[in-house]
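Please build the complete structure, drawing on both the sequences and the hints.
Quick note, the sequences are listed as chains L and B, same order. If you count the first sequence from 1, position 486 lands on 485 in numbering that gives the first Met the number 0, and the numbers rise without skipping. If you count the second sequence from 1, position 319 lands on 318 in numbering that gives the first Met the number 0, and the numbers rise without skipping.
Rather than coming from a laboratory, the hints here were simulated on the basis of the structure. Remember, it's a predicted structure, so these values are computed and weren't measured experimentally. Incorrect hints may appear among the rest.
Below, a list of computed lysine-lysine pairs in the PhoX-like style, where the Cα atoms sit at most 20 Å apart [stated by the list, open to error]:
| # | chain 1 | residue 1 | chain 2 | residue 2 |
| --- | --- | --- | --- | --- |
| 1 | L | K749 | B | K557 |
| 2 | B | K529 | L | K618 |
| 3 | L | K124 | B | K486 |
| 4 | B | K229 | L | K618 |
| 5 | L | K621 | B | K229 |
| 6 | B | K27 | B | K84 |
| 7 | B | K486 | L | K127 |
| 8 | B | K486 | L | K748 |
| 9 | L | K441 | L | K348 |
| 10 | L | K631 | B | K296 |
| 11 | B | K296 | L | K622 |
| 12 | L | K622 | B | K230 |
| 13 | B | K24 | L | K618 |
| 14 | B | K589 | B | K529 |
| 15 | L | K749 | B | K515 |
| 16 | L | K130 | B | K406 |
| 17 | L | K621 | B | K557 |
| 18 | B | K315 | L | K622 |
| 19 | B | K568 | L | K748 |
| 20 | B | K478 | L | K618 |
| 21 | B | K557 | L | K745 |
| 22 | B | K486 | L | K737 |
| 23 | L | K621 | B | K254 |
| 24 | B | K229 | L | K124 |
| 25 | L | K621 | B | K296 |
| 26 | L | K737 | L | K755 |
| 27 | L | K745 | B | K589 |
| 28 | L | K737 | B | K244 |
| 29 | B | K244 | L | K631 |
| 30 | B | K254 | L | K618 |
| 31 | L | K127 | B | K478 |
| 32 | L | K737 | B | K229 |
| 33 | B | K555 | L | K745 |
| 34 | L | K749 | B | K589 |
Residues from chain B that keep clear of chain L, each with C-beta distances beyond 12 Å, as calculated [as the list claims (entries may be wrong)]:
| # | residue |
| --- | --- |
| 35 | K24 |
| 36 | K40 |
| 37 | Q52 |
| 38 | K84 |
| 39 | D153 |
| 40 | D198 |
All C-beta atoms in this analysis are idealised placements derived from N, C-alpha and C, irrespective of residue type, glycine included.
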Amino acid sequence: MAKQMINLKIDGLDIIVPKGTTILEAAKKIGVKIPTLCHHPDLSIEGACRVCIVQVIGRNDFTASCSYPAEEGMEVITHNPEIRQARRDIVELILDNHPDDCHTCERDHNCELQRLAYAMGVRHKHFKGEKKNYEPDFSSKAVIRDPNKCILCGRCVRICKEVQGISAIDMAHRGFQSVVMPAYDMPFGDSICSSCGQCINVCPTAAFLEKDYTNQVWEALNDPEITTVIQFAPSVRAAIGEGFGLKPGHNMEKQTITALRRLGFDQIYDTQFGADLTIVEEASELVRRIQNKGPLPMITSCSAAWIIFAEKFYPELLNNLSTCMSPMSMVGSVIKRHIPKKLNVKPEKVFSIAAMCCTAKKDESQRDNYQTENGERYVDAVITTRELIWMIKSAGIDFVNLEDGKFDSPLGESTGAATIFGATGGVMEAAIRTAHYFISGKELPGIEFKPVRGAIDTIKEASVEIDGNTYNVAVTSGLGQAQALLEKVKSGEANYHFIEIMGCPGGCVGGGGQPYAGIDMVPADKTLLKKRAQALYSADESLEKRCSHENLNIKILYDEALERYGSAVAHEWLHTHYSEKQPRGICRYGKPTQVSSCITPDDPRYKELREYIESTQEKEHKKSFLIPVLHKTQELFGYLSQEAMDFISVTMQIPTSRIYGVATFYHFFNLKPKGDTRINVCLGTACYVKGANDIVREFESELDLKMGETGDDMKYSLECTRCIGACALAPVVLVNDKIYSRVTTKDVKKILKEYK
Amino acid sequence: MKEYKYAISICAGPKCRNKNQELIKTLKDELEKAKLSDVVKVLESGCMGYCDQGPIMMVHPDNVTYGNVKKLDIKRIVNDHLKNKKWVSDLILQRDQVANSFFPNFGDVEFFGKQYRITLRNCGVIDPEAIDDYLALRGYEGLAKVLTSFSPEDVIDEMKKSGLRGRGGGGYPVGFKWQNGADTPSEEKYIICNADEGDPGAFMDRSAIEGDPHTIIEGMIIGGYAIGAKKGIVYIRAEYPLAIKRLNIAIAQAKEKNLLGENILGSNFSFDLELRLGAGAFVCGEETALIASIEGKRGMPKPRPPFPTQVGLFGKPTVINNVETLANIPVIILDGAAHFATIGTDKSKGTKVFALAGAVKNTGLVEVPMGTTLREIIYDIGGGISNNNKFKAVQTGGPSGGFIPEKDLDTPIDYDTLAKAGSIMGSGGMIVLDENSCMVDIAKFFLDFTQNESCGKCTPCREGTKRMLEILIRITEGKGQAGDIEKLERLGNMIKKSALCGLGKAAPNPVLSTIKHFRSEYEEHINGKKCRAGICRSLLSYKIIEEKCIGCGACKRKCPTNCISGEKKALHIIDQNDCIHCGVCFETCKFDAIIKE
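Structure representation (structure tokens):
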């Protein structure tokens, strides 16, 4: 059926669009760019920032063009003096509550807010006042959270929830106090975050940043005693050019090598060598698992965010993960175990650096067993593509016009199979190329395996026939889709031999460490990711060797040190193991086996709460009972403790961040215990005009408490209520359940006497 | 069934509640002694709305209302009134002349004289915990009529003809809202009663539910039938425990009588009702935020369209009506839309309940026909300004509303005239202000409220109201600057046009409307550093009058900054440089020797 078409007029221009098109989209089609901030085409519509307001003729107020659908006969004005002033004022209001530190901010020149402020013409400020003031959170190994920079557009919350299916963060508190935070404002490093860094990618400002390790790198570079060895990932070369103003899709491998050389790195290796190494080990592992009849499906283990996530939420599938370390860590291991001998340097004088498209790799490099027996870390510092871009800029290197460079040997060689690791489906395709060879002794006909390429937002399924046997494979990227896929596996609905999971949408090209979107670009959107991926596929096509098992230096490495694929040495050097982690909370599907903090199930109140929750869970729309459950919890415990919220999270299968967001949104819920005597001064209008404020002051001075506080002795809590609906008796004070009417300041002492 | 000669309802509203258990016990004891227990029924009613004179006790069928009843008075009421049929005249508040009429007119006492009760028709008349009482006053007859002789379209037509508009604030015609809900095809639909009365100065919904819960239920069932919803939800403030209790009782009773549940009254229509408690968020009065809250989420509004009647609760078509709106439904069905449409004005039909409070003599709930003037409400019903002070303004519509000055008092109230006067009908809060109120301060109060209640989603409301509040605070602290009024107007007008939801859009109203009508007060604060009402403490100075000061030293002892000096039994003096205008001395002085100016 043909889609119904809508005729409308935007800025005097006629346009016909399919029904359901928003004004914003319609305007874009005729070259009218309406400014946006909270909007992201791949995320749900928020309509919150109000920057995209337009005037629809016939309406009294402005309309948010991102959410309003085009209607037949509609006339829209996208800019006139009034709209411009309103947009300007809205952006100024955001700036008024934002640090004035553009010059020292990591995102100077890369900041959407900065660009918007310029475009809207905010040249001076009218409405200065209180600014938010929070401690930045450096607890995570990978991601810094700085709520001071946050403008509450909610893109991070949405990508974490909708795309990654995790909800490590959510909106908490409300109004001017709204903050994006993990549950209970716990240190980000302790939260269920998988370090994927997608929040950084979509953040318009610097509210999320990768943890900066460039200082350590500069120091190592400056130390003449140290041999600096750097490797960089496939996806770095596919995206780094964007940081220097190039359009997406340029493969800048050779310029990157030269830039690193100029920065002073002693040895420059390719993570793609590690990718080939991974494939020969992983393909052998797959063949072995198929021969041993399990455990299958085998699941890839290259993606650091995916591993962090799996250890927290899919402990039952840890045996299905390939024991192969990621290409980065394999290269790191070889750098620390093998290269010192080759270079004739002491291992402890080697500083191993990895430039990655990824933030979670910062986490990975610090995993317990990712070091030699002598305590030498495989990778000493991980920097992102963005950090590398900055280092190159900082050193004054004219990146785009650099001459071609060449990797150092032996860890500089790689095949086309390794190149495509950066795109979703790439590892699968590379593994199939080699597994085909391992099983049948013949190359995969045509080399390429296209069914697993492309599509970013689906689960790709395919079958491959090798030697008369059919093998089922599945590929997906983004942790939200990964969960959907794993649930299919767990339920037995799907039967695969091999699964590729990448933590970030689109695979590594969409990693959390990739360059910020340029002017007029949408961060992390699918067209951008596809262009980056295309740069890698083109490189693969142009190469002679396109299968990992053809990598000559890998053969040499096995001859010199690793003996054979899957040998004991190979295991010691290149493999790892995984262990269950106890996350504090749950994600969309994955359910931890227990929540460690729920340690008081003996408390009869928990028994009652469990029974109450279970009675609601039999009903339809069971998650909607969160608020009744919180009421019940408060009734039982007097307040909502973190322990109780953890309990609710697991029992109701709702992420803790969301529960905390709900609990802090509503006034009725107490997150701290209250005093024995609760004094509630009504501050409804009628009470206010009759002097309730004076009564508040009197209570404050009598009790030596501020409004909203509870005394340390837990005797009194002083609160206000918005209206208890007894306006005719104003001013009213409610003590516990007793109402005092027509209270004067002189009554305060008398009232308190009753509760001594 | 027992045959009672008398029924005595004792008000259980907030004022009366503190004492009524004691009164009930005494009454029962006295009835026992007088051997009248079998012929006199004692019941607790919801708030009768005349809180000023509580505790209230009403004797039916005589319709005699006693006020300020004390324990000692009970014996007299039992002996004189019940035994000897002699009314206790010194306790009588008023007499209801038109007993047993469907719209009991509360007689000739001023407070009730101009009222016309539809929504509150049963409040104070019936025992809200007894379904038989409600049934006796034609309760659920409307429902029966609908189920037996109306198609859903007929019900919607009837609503359209009645001209009933939503009483929650916006005034959207109920018939059209129901039509929208009915027109969206879906197996599953919802009707929600918004009982999250958020206006800090309104309590009609609480009284209506506490006094007559079945009316709401009946209204919802009829609405459910009209739009094709099988499920209703009452979203009610957790701060209203009595209303919650009574609704729960009423739902259980209705289920028992097959007025709720499968095949209601033998018809094909099934409908169930559930309570969901709010948790203290003003913004949840907004429809999309309310839906989010019922879904167990943060109560944050969403952009519209889609409208709740298209995509509402759990993604299904949903109609949301407020308590007062629903209370009108059974009456419209029973008496006919045509009759209802005769009440009120051209574009606003029926009555409206207001919570009259502030600087008036009589405070309480007032239900008047649309078109009654503000002057009638304030002076005839409210008895005028208390303490014979001078009227300054009346605030309607709560934090989303505005202020109406003296010159507009003769405006007949309806949705449109109030809007024209720069305010709104809102949910019916009506606060009267006299010359002792400072208009900047009161604007600050409302903005402080909305700021505090802002959900934080959209920039204009979250950031804009904060900056407006800061400007207001500095004006009231004597730090106002030239250009502040213009900044308030600029921000206010931007927020009004750009905010995401209705509450955000309405947040600047109290400020804009006080600027419109009382600009000179703002200017006095900013330019002259004066607060004519004497409310803004920072702008006051305290002085000790020589003739009255006896030199007791009380003020000196209390002063937190030690800025009062003086020998015992000699005149004391306040050092104006160190005074922080806290007012403690003023409150301490027993001899009125300290004045503020």
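Hint check results:
1. Straight-line distance between C-alpha atoms of K749(L) and K557(B) comes to about 19 Å, which keeps the hinted pair within the 20 Å bound.
2. Of the pairs offered as hints, the one joining K529(B) and K618(L) is violated, with about 61 Å between alpha carbons and a cut-off of 20 Å exceeded.
3. Between the alpha carbons of K124(L) and K486(B) the distance comes to roughly 12 Å, so the proposed pair stays at or under 20 Å and holds.
4. Between K229(B) and K618(L) the alpha-carbon distance is near 15 Å, which keeps this suggested pair within the 20 Å criterion.
5. Our distance criterion of 20 Å between C-alpha atoms is met by K621(L) and K229(B), whose separation comes to about 18 Å.
6. Between K27(B) and K84(B), the direct Cα distance comes to roughly 18 Å. Compliance with the 20 Å bound is thereby established for this hinted pair.
7. For the proposed pair K486(B) and K127(L), the alpha carbon gap of about 11 Å is at most 20 Å, so the pair holds.
8. Pair hint K486(B) plus K748(L) does not hold up; C-alpha atoms about 42 Å apart against a cutoff of 20 Å.
9. For the given pair, K441(L) sits about 44 Å from K348(L) by alpha-carbon distance, which is inconsistent with the 20 Å threshold.
10. Distance hint between K631(L) and K296(B) is fulfilled; the C-alpha atoms sit about 16 Å from each other, no more than 20 Å.
11. For the hint pairing K296(B) with K622(L), the CA-to-CA distance comes to about 9 Å; that is within 20 Å, so the pair holds.
12. For the given pair, K622(L) sits about 18 Å from K230(B) by alpha-carbon distance, which is consistent with the 20 Å threshold.
13. With a CA separation close to 42 Å, the supplied pair K24(B) and K618(L) exceeds the 20 Å bound.
14. Simply put, K589(B) and K529(B) have alpha-carbon atoms about 26 Å apart, too far for the 20 Å limit, and the pair is violated.
15. Only pairs whose Cα atoms come within 20 Å are accepted, and K749(L) paired with K515(B) is rejected, the gap being roughly 43 Å.
16. The hinted pair formed by K130(L) and K406(B) fails the criterion: a straight-line CA distance of about 41 Å is larger than 20 Å.
17. Annotation: proposed proximity of K621(L) to K557(B) is violated, straight-line Cα distance about 58 Å (limit 20 Å).
18. A threshold of 20 Å between alpha carbons decides the hint, and for K315(B) with K622(L) the separation of about 16 Å falls inside it, so the pair holds.
19. Proposed proximity of K568(B) and K748(L) is contradicted: the alpha carbons are some 28 Å apart, above 20 Å.
20. In summary, the hint linking K478(B) to K618(L) is not supported, as the alpha carbons are separated by about 57 Å, beyond the 20 Å threshold.
21. Proximity of K557(B) to K745(L) is assessed by CA-CA distance (about 15 Å); at most 20 Å being required, the pair is judged to hold.
22. Pair hint K486(B) plus K737(L) does not hold up; C-alpha atoms about 44 Å apart against a cutoff of 20 Å.
23. The straight-line distance between the Cα atoms of K621(L) and K254(B) is roughly 23 Å, outside the 20 Å bound, and the hint therefore fails.
24. Taken as a hint, the K229(B) and K124(L) pair is broken in the structure, with Cα atoms around 54 Å apart against an allowance of 20 Å.
25. Pair hint K621(L) plus K296(B) holds up; C-alpha atoms about 12 Å apart against a cutoff of 20 Å.
26. Using a Cα cut-off of 20 Å, the hinted pair K737(L) and K755(L) holds, with the two alpha carbons roughly 15 Å apart.
27. This hinted pair checks out: K745(L) and K589(B) have alpha carbons roughly 12 Å apart, not beyond 20 Å.
28. Pair hint K737(L) plus K244(B) holds up; C-alpha atoms about 18 Å apart against a cutoff of 20 Å.
29. As the CA atoms of K244(B) and K631(L) are separated by approximately 16 Å, the hinted pair is consistent with the 20 Å bound.
30. About 19 Å separates the Cα atoms of K254(B) and K618(L), which keeps this hinted pair within 20 Å; it holds.
31. A C-alpha spacing of about 14 Å is found between K127(L) and K478(B), which places the hinted pair at or below 20 Å, so the restraint holds.
32. As the CA atoms of K737(L) and K229(B) are separated by approximately 39 Å, the hinted pair breaks the 20 Å bound.
33. Straight-line distance between C-alpha atoms of K555(B) and K745(L) comes to about 19 Å, which keeps the hinted pair within the 20 Å bound.
34. The straight-line distance between the Cα atoms of K749(L) and K589(B) is roughly 18 Å, inside the 20 Å bound, and the hint therefore holds.
35. The non-interface label for K24(B) is consistent with chain L: the shortest C-beta to C-beta separation is roughly 18 Å, beyond 12 Å.
36. Chain L leaves K40(B) outside its interface by the beta-carbon criterion, the shortest separation being 27 Å against a cut-off of 12 Å.
37. A beta-carbon of chain L is positioned within 12 Å of the beta-carbon of Q52(B); the least distance is around 10 Å.
38. No Cβ of chain L approaches the Cβ of K84(B) within 12 Å, the least distance being about 32 Å, so the stated non-interface status holds.
39. Annotated as non-interface, D153(B) keeps its C-beta farther than 12 Å from every C-beta of chain L; the closest such distance is 31 Å.
40. With a least CB separation of 7 Å from chain L, D198(B) falls inside the 12 Å interface cut-off, contrary to its annotation.
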